[in-house]
Each structure stands twice: as C-alpha cells, then as structure tokens.
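Engineer: Each chain is listed here by its residues.
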Amino acid sequence: QSVLTQPPSMSAAPGQKVTISCSGSSSNIGNNYVSWYQQLPGTAPKLLIYENNKRPSGIPDRFSGSKSGTSATLGITGLQTGDEADFYCGTWDSSLSAFVFGTGTKVTVL
Amino acid sequence: EVQLVESGGGLVQPGGSLRLSCAASGFTFISFSMNWVRQAPGKGLEWLSYITTGGSKIYYADSVKGRFTISRDNAKNSVYLQMSSLRAEDTAVYYCARVRGSDLYHSYMDFWGKGTTVTVSS
Chain B
1 QSVLTQPPSM
11 SAAPGQKVTI
21 SCSGSSSNIG
31 NNYVSWYQQL
41 PGTAPKLLIY
51 ENNKRPSGIP
61 DRFSGSKSGT
71 SATLGITGLQ
81 TGDEADFYCG
91 TWDSSLSAFV
101 FGTGTKVTVL
Chain Y
1 EVQLVESGGG
11 LVQPGGSLRL
21 SCAASGFTFI
31 SFSMNWVRQA
41 PGKGLEWLSY
51 ITTGGSKIYY
61 ADSVKGRFTI
71 SRDNAKNSVY
81 LQMSSLRAED
91 TAVYYCARVR
101 GSDLYHSYMD
111 FWGKGTTVTV
121 SS
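The listed protein sequences correspond, in order, to chains B and Y. Each residue of the first sequence is one higher than the last, beginning at 1 in my numbering. Each residue of the second sequence is one higher than the last, beginning at 1 in my numbering.
In case anyone wonders, no lab produced these hints; they're calculated from the structure. Yeah, the Cβ is synthetic: ideal placement off N, Cα and C, and Gly gets one too. Careful, some of the hints might be misleading.
What the hints assert, rightly or not - What the simulated footprint calls covered on chain B by chain Y, stretch by stretch (three residues with Cβ under 8 angstroms from a Cβ of chain Y suffice, anywhere in the stretch; the number is not a length):
hint, region
1, 11-20
2, 29-40
3, 64-78
4, 98-104
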C-alpha cells in the first residue's frame, strides 16, 4: 500500500490539459524532492520530471511539475494521443528509509 | 548511449531462489547509485532496493528485507538482486534503474532497463 496517493484515472480531449495530484506527508513530499515517471503501455517507466519541477533533456515543456506542502502536481498541456500512459510520482521517505511511488494515474485521451 | 539490460528472470517454485543481473553500459557505472524496482501484473511500481556507488550503503523495502540482497560489481559494470524464499506475490517485472541526485532526498531514476520477468509458481 503506497504512502503517496494519486487519482486512479483522468481523461481529457486532445489539446486539453490534465493535472495529476500526488498527496503525501511531511516524511516524504513535505521535505524531499519529487520526481514523475511516464509508463507507456508495455514499456519501462521514463523520467518526466525531477527535483519537483525540472525536465530532463528531450521532455517537452508541455509537461510541468510543482510542489506545495505535502502535495505535488504534474501538469500536461496540449494533450496528445501519444500521452496515453500511466503516470507515477515518487520521492524518498525519510521515515521509511525507502523510495516510495504513488499509486499511479492512468491518463486517457478521449 | 546509456543502456541497462536485466537478465536472470524466469519461472521458479515458491520458496526458491533466483539471481537477477543488470548490465550497464554507456556511462561511468562506478559513479552512480542504482535501484531495483518491480511491477506486479496490472499493478503499480514498487521500489525494492538501493545501493550506493561503492556498495557501502544499502536500503530495502520492508516487503523484501531479509529475503533479497542487492550487490554490485563495478569491475563488471553490473548490479545484482539475489532473491530467496520467493513467494507468489513476488511475481513481477523487475527493473534496474540508474539513480541521480545529490543525496537520497533529491534522488530520482533517470534511466531504466526494459525489465526481466519473474514468475513464482508451482
């Protein structure tokens, strides 16, 4: 059972925006940095956002990350059919001495 | 090009053991900490274990502590996961991932292998 909670699913039409939340606590998100991963069907996860809001080289600026208190958010603008995937947040949990992932959010492009 | 290639997965009986390997190339392996992560069928990602560059610091998820052992051989550019006392719930795709970040609190995984499948069944 994950300590980071995400909505199970979200959907939007092409071109629209989705915002995925990741809720944690002071032992994880509240005091550590959040990363986000995209997992396309049948593939390995891929880093989208690191250190709360930084994008690796090659990740379009349609993807953005933010953090406030014990919650983090991934935003995807200009939604494309190729964005259909599962998205996971992750961070170190200082109390558990473990890296923790969110429960995952499946994004569907209508 | 950074590459991580897992191997060693397969079918094993409950209570059995298996050793997974992850061969790294395209980067200076000795400079990076490494993680193992798994994903059970139809489920989310589960972090399993972390090892520092020299192997001096190791962490495990509670679900595998005492049963799994992470190690690395920097001369062979490889990280391993020795799994014992396997259970049906250990059935999953196992990924190795390169760790970035100045410390654990900043840590994230920037490259992942394609995974190797472990099935625990009689």
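Engineer: Confirm or reject each hint.
Structural biologist: Verification of the supplied hints:
Check on the region 11-20 of chain B: 0 of its residues sit with their Cβ under 8 angstroms from a Cβ of chain Y, so the three-residue criterion for coverage is violated. Closer than 8 angstroms: that is the beta-carbon criterion, and the region 29-40 of chain B has 6 residues meeting it against chain Y, so the requirement of 3 holds. For a cut-off of 8 angstroms, the count of residues in the region 64-78 of chain B with a CB near a CB of chain Y stands at 0, and the three-residue condition is violated. Interface restraint, the region 98-104 of chain B with chain Y: holds (7 residues with C-beta to C-beta distance below 8 angstroms; minimum three).
The earlier numbered hints that this structure contradicts are 1, 3.
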